[in-house]
Structure formats: C-alpha cells, structure tokens
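**Student:** Chain order of the listed sequences is A and B.
Residue numbers 0 to 358, in numbering that gives the first Met the number 0, belong to the letters of the first sequence in order.
Residue numbers 0 to 296, in numbering that gives the first Met the number 0, belong to the letters of the second sequence in order.
For the record, the hints were derived by calculation from the structure and aren't laboratory data.
Note that beta-carbon positions come from the ideal geometry of N, C-alpha and C, so glycine has one too.
Incorrect hints may have been included.
Unchecked claim - Some residues of chain A that are not near chain B, with every Cβ distance over 12 Å (derived): (1) 17; (2) 33; (3) 34; (4) 169; (5) 178; (6) 189; (7) 192; (8) 216; (9) 221; (10) 253; (11) 275; (12) 331; (13) 342; (14) 354.
What the hints assert, rightly or not - Partner residues aside, some chain B positions facing chain A, computed with beta carbon under 8 Å: (15) 84; (16) 88; (17) 97; (18) 110; (19) 113; (20) 266; (21) 270; (22) 274; (23) 281.
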Amino acid sequence: MMAQQRVVHPALKIAAVCGALVLFFLLLSWGQEHWDAYTVRILNLCGIYIGITLGLNLCNGFTGQFSLGIAGFMAVGAYTTALLTMSPAIKQAVFFIEPLIYPLNSVQWGFLPSLLMAAVVSGIVGFLVGAPAIRFRGDYLAITTLGFAEIIRVVFTNIVPITNGALGLKGIPPHTNLVWSWGFALVCIAVMVRLMRTTYGRALKAIRDDEVAAEAMGVNLFFHKNLAFVVSAMMAGVGGGLLGNLITTIDPNMFRFPLTFTVLMMAVLGGLGSITGTVISAAAVTVAMEAFRVLEEPRVILGLAIPGVPGMRMVVFSVALMIVILFYPKGFMGDREFSLDRVKRFAAGVRRANTSKQG
Amino acid sequence: MTLEIFLQNAANGITLGSLYALLAIGYTMVYGILRLINFAHGEIFMISTYFAFYGTAIFALPWQVSFVAAIILTALLGVVIERAAYRPLRDAPRISALISAIGVSFLMANLGLVIFGGRPKTFYRPPIFQAPIELGGVRVVALFFVIPLLTAVLLVALNYIVYRTKTGLAMRAAQWDFDTARLMGVDVDRAISITFAIGSALAAVGGIMWGLRFAEINPNMGLFPGLKCFIAAVFGGIGNISGAVLGGFILGFGEIMLVAFLPGLAGYRDAFAFIVLILILLVRPTGLLGDKQRVKV
Numbered sequence: 000m001m002a003q004q005r006v007v008h009p010a011l012k013i014a015a016v017c018g019a020l021v022l023f024f025l026l027l028s029w030g031q032e033h034w035d036a037y038t039v040r041i042l043n044l045c046g047i048y049i050g051i052t053l054g055l056n057l058c059n060g061f062t063g064q065f066s067l068g069i070a071g072f073m074a075v076g077a078y079t080t081a082l083l084t085m086s087p088a089i090k091q092a093v094f095f096i097e098p099l100i101y102p103l104n105s106v107q108w109g110f111l112p113s114l115l116m117a118a119v120v121s122g123i124v125g126f127l128v129g130a131p132a133i134r135f136r137g138d139y140l141a142i143t144t145l146g147f148a149e150i151i152r153v154v155f156t157n158i159v160p161i162t163n164g165a166l167g168l169k170g171i172p173p174h175t176n177l178v179w180s181w182g183f184a185l186v187c188i189a190v191m192v193r194l195m196r197t198t199y200g201r202a203l204k205a206i207r208d209d210e211v212a213a214e215a216m217g218v219n220l221f222f223h224k225n226l227a228f229v230v231s232a233m234m235a236g237v238g239g240g241l242l243g244n245l246i247t248t249i250d251p252n253m254f255r256f257p258l259t260f261t262v263l264m265m266a267v268l269g270g271l272g273s274i275t276g277t278v279i280s281a282a283a284v285t286v287a288m289e290a291f292r293v294l295e296e297p298r299v300i301l302g303l304a305i306p307g308v309p310g311m312r313m314v315v316f317s318v319a320l321m322i323v324i325l326f327y328p329k330g331f332m333g334d335r336e337f338s339l340d341r342v343k344r345f346a347a348g349v350r351r352a353n354t355s356k357q358g
Numbered sequence: 000m001t002l003e004i005f006l007q008n009a010a011n012g013i014t015l016g017s018l019y020a021l022l023a024i025g026y027t028m029v030y031g032i033l034r035l036i037n038f039a040h041g042e043i044f045m046i047s048t049y050f051a052f053y054g055t056a057i058f059a060l061p062w063q064v065s066f067v068a069a070i071i072l073t074a075l076l077g078v079v080i081e082r083a084a085y086r087p088l089r090d091a092p093r094i095s096a097l098i099s100a101i102g103v104s105f106l107m108a109n110l111g112l113v114i115f116g117g118r119p120k121t122f123y124r125p126p127i128f129q130a131p132i133e134l135g136g137v138r139v140v141a142l143f144f145v146i147p148l149l150t151a152v153l154l155v156a157l158n159y160i161v162y163r164t165k166t167g168l169a170m171r172a173a174q175w176d177f178d179t180a181r182l183m184g185v186d187v188d189r190a191i192s193i194t195f196a197i198g199s200a201l202a203a204v205g206g207i208m209w210g211l212r213f214a215e216i217n218p219n220m221g222l223f224p225g226l227k228c229f230i231a232a233v234f235g236g237i238g239n240i241s242g243a244v245l246g247g248f249i250l251g252f253g254e255i256m257l258v259a260f261l262p263g264l265a266g267y268r269d270a271f272a273f274i275v276l277i278l279i280l281l282v283r284p285t286g287l288l289g290d291k292q293r294v295k296v
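So here's chain A without its partners, still in its complex pose:
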C-alpha cells in the first residue's frame, strides 16, 4: 500500500520556509536581548562552528581531500575583518610598536562588507595554497596544508606593521550577535545543500569515491578540487571573522593546530560527508566544550577538595574521537542525511512489519 503523496504548491513551500526563517531570526534577535550572556555566547559559537565545520567537511568529507589548514584560513579571515572593522583611533592605540601601514590605518568598514572582504581574501589565500597543494594525495595533502597553516601563523607573527605581531589585536568591535552567527550558519547550510545537488557536487563526490575513475569520466580534477578548497577556505575565513568580532581579541597563537583539531573532531564525530550530521555534531561539541569546563575547575565533592585539572576537557574529546574512529568510523550520521522522508519511510516500515506479524 503506497502512502498517498500530498502535493504542496511550490509557492506555498517557499512562503512557509520564508516564514520560518523570519520567525527564527525574530526569535534570535529577541534572544540576543533577553537570554543571559553565557547562553548567547555559546549559541554564537555554535552558529560559527557549524559554518566552519561545514566548510571543512566540504573539502575533507565530500571531496575526500584531507586538509588540515582550516586554522590558517580562519586566521586570514579574522585578521581581515578585525582590521577593517576597528576604528582608526583604536588601531592607533593598539599598534604602539610599529604603526599600521597606510590604507588600513584610516579605513573603517561596516561589518557586512568586512566579512565579504574576509571571504574574498581567504578565498584568494585558499587558492594560492590549494593550487600547489591539491596535487598531493591523502596524508601528504594533510601535512602540506598543516604546513601552510603554520606558515600563515608564523608570517602573521612576524609582519608587525599589519598584524601587530605576537601581541595580536585588541578592542575589535563586538559586532557578532546571534543573527550574524546563525545567519552565517544558515548561508553555509544553504550553500552546501545547493552545491551538493548540482553537477559540481556530484563531481566532488565522484572525486572522493575514486579519483582515477572520476577523471576518466571527464571530471576536471584540478578545477573541482580547487573549487572545494576555495569555498572551504572562504567559509573558514568568514567564520574566523565572526569569531574575532565575537571575542574581540585575536592573536596568532589562537590559530594553531589545536583549533584545526577541534573543527576536524566536530566533522568526524558528525560524519565526514553529512550536512545534518555536521550541524548536529558542531552544535553538540560546542556546547559540550563549555559544559566540560567543570572538569577543569577545582571543586568539592562529598567534602573532598578536587583540584582543577587543565587539559582534562581535551582528554575527554580525544577519547571520544578515538572511540568514534575505532568503533563507528562513519561518525554519527555517516554520509547520510536526516530528512523527514526518511523518518516517514522508517515509520512506515515499522508499521508494515507490525501488521505482517499480526497477520
């Protein structure tokens, strides 16, 4: 027995989605004012990490190009956005060792153009890194991109007239709010969903499944790998920009390998190659990162004073990553997606099984 398909008018569907979006953003902008600062902070981080992790998953999961350079692109985006949004007076105060070079020291842009510029700059850097790096396969690509990220960090530590060196930037205007961070997450989700339905998306998956076969079928490897790499870098760049304007101080040491590890962990736990898995896992890990801070704080249990243990959180997360990769190598969702259709089909299957048992 086939369940009857109800046909919904496309215009109605679009209207429903738009309505839901408007309601969602109204809720967020209301929450920005009424929820407590701690909740708002964590929700902001959730939105930002969802976007960044989706970017990493585009490259590592959907295209199978295992890159470890995400922290470098986040640094590029964060510095671009920060330098464009800071007011000239604050810049003058922050750059007390060496003054900031000319065009940057007098400009102040709005947040949106700054973020777009961050996307452009990190996209360009992504192309400059990707074009030579994507010729390598597997673990060589991993170590090369890790190397590029480290080079970016070392360069940022040393070009004092632009980045203020190891001191970093302070007093970045706190533009990031829930609407910005979740707007970013939704844009990234939309880009991923749309991209995966086009021929580009299919070509990327073909490259992941078998590079040689894909090339034999006429997929341009250089173009498609670069596409994935650049889009991934752009998402990381914008995410980095939002992160910088959320926490208001950045320095090169923030963008070391542990940051890449965190994002990679989110992607692996959710399933390399699943959009919904990534969204769920990025949000869950971000919340858990904050919740597990308890482990590192000194506290008293049953009269016993337990000293705080720094590093305990990352031990927990490393163990979680190891368990997942050893026992559930596909992660939470594998390369499947959560969808209502799947739930309906599953429910129908259960019902059918029940009726056949009774009959």
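Position chain B relative to chain A; hints supplied.
**Tutor:** Leaving out everything else, chain B in the frame of chain A:
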C-alpha cells in the same frame, strides 16, 4: 662571522641534526611499513623524556638505569599504541588511520598536561655530559660529542638489524607487500610491532638527549619536533632509513645556520621546515634518496 662562531653553530647544527635524525627514523620506518604518518611519534618522544625525568626525580634511580628503563618503557608504549589505535584500522581507509593517529597525538599531549602538569620541568643532567672540552678554540660540552657519536652507533646497529637479521628481513618483506610476506611465512603483525618498538626506542634516545641538551621539558614539546622530523623523513625519501638520517641532518643544520647567517629571519624558524617540505614535494616528491613510488590503481 668569525671561524669560532661558525664552528660553534656547526656543533649546534650537528647536534640538532642528530636529534632530528633519531626521530625521523621512527617516522620513516612506520610510514614505510604502514603508509601512515604516525602523528603520535612526537608525543612518544615527549613522554620518553618524562619517563627519564621521573626515573631520576621521583624514583631516585641512578641516571643510567633510569635512561635505560625510559627507553624500554617507550618502546612498549609504541607497541601498545600500534595495537590499540592502528591495528584495528589496518584495512580501513588510510584517512581513518590518520585521524586515529591525530587523535592519539592529542590524547597523549593532553594526558601529559593532566598527569605531568603544564609547568616545564628541569631535566636532570649528569655532570659527565657537561664536562667542558676545548677543541680548536671552540669550547663545547662533552654532550656535543656524545650525541652525534651515539647516533652513529645506533645507526650502525639499526642497519645491522634491518639488513643482516631475519627480523629485519621480515620487516622489509612486510614493507613490500603484506599478503605475499604472509604467504612466505612472515609474521606481519610481529614485524610491525618490532618496527614500532625500534622507532619508539630511537625516539626515546632522542628525547633523553633532547632533555640533556635543552634541560627543559614540557607536555607540548612533542608536536613541533615531531612535524619537523616527519618533514626530514619526507625530505630524505620516505621509507628510506639513510634518507631520514640525511634529511634530519640537513634540516637541523639548515635551521641553525638560517638563524646564524640571517638573524633577520629568525622569527621564521618554525616555518623553515614547512617551506622545505612544500618545495621538496613540488620539485622531487620522492625525496633525495627515495625510490620511484608506484601508484596502484
């Protein structure tokens, strides 16, 4: 630059090069047999220094006993890591094993932070290694001779094991092809365990020498020397032991000389190795001494 300063830098370069060579061998042997970047190798190196440190500081062992115990424990640690984290994934995609390796690396670095504490510890340095020796107007401590000499002795021993014993033959056979090696009666699992034991033991020697040379140890010291030594292994030709040694020496020497001759670039010291890596992969991906790699379709 006077001759004395040059010689001083050369001594520094050779010492650092020896340490890099000891670590790079572990990377190249594991990569040769498993085609896996053993990300945890740097952390194995870090933990070996703590084994030696606790041996002398807490258990009050004589330094000779403590160092030997540290080397044995580290070899065991390497074998355990392979058993627990890499063996279950041997037939999985290589990227899974790489993620597992990154996970182990992070787990050990953070466990180190939890157990050993984040504050750097001062490594016990037996006075015998600090005896000053004057040679051609350059004053160095005995350690500067001990490190390269010990490295050379270990290399000879390693070459003997790999090329003159049955175990070495099994390791080389496994490196070539697991299935064929098995058909020839080689216990591949044992060969891999021995590879990890040898690589980790050499890392432990490197770690102890590192402690003697730089005196300060901390839980985060593994990552960078680890990555640099992997690069050294790639530079020399991955899978090739002599290549790893050559790469280690060139990288260590180059790093010291870069800072000595171009002090303006000293800030870029940590990027130097990665630039070398990218150049070598673009120009000669098989490394200096590497064979042509066969790509199986």
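**Student:** Look at each hint and say if it fits the structure.
**Tutor:** How the hints compare with the structure:
no.: 1; hint: 17; verdict: 39 Å, holds
no.: 2; hint: 33; verdict: 37 Å, holds
no.: 3; hint: 34; verdict: 32 Å, holds
no.: 4; hint: 169; verdict: 21 Å, holds
no.: 5; hint: 178; verdict: 34 Å, holds
no.: 6; hint: 189; verdict: 27 Å, holds
no.: 7; hint: 192; verdict: 24 Å, holds
no.: 8; hint: 216; verdict: 14 Å, holds
no.: 9; hint: 221; verdict: 15 Å, holds
no.: 10; hint: 253; verdict: 15 Å, holds
no.: 11; hint: 275; verdict: 20 Å, holds
no.: 12; hint: 331; verdict: 15 Å, holds
no.: 13; hint: 342; verdict: 29 Å, holds
no.: 14; hint: 354; verdict: 40 Å, holds
no.: 15; hint: 84; verdict: 7 Å, holds
no.: 16; hint: 88; verdict: 7 Å, holds
no.: 17; hint: 97; verdict: 5 Å, holds
no.: 18; hint: 110; verdict: 6 Å, holds
no.: 19; hint: 113; verdict: 5 Å, holds
no.: 20; hint: 266; verdict: 4 Å, holds
no.: 21; hint: 270; verdict: 4 Å, holds
no.: 22; hint: 274; verdict: 7 Å, holds
no.: 23; hint: 281; verdict: 6 Å, holds
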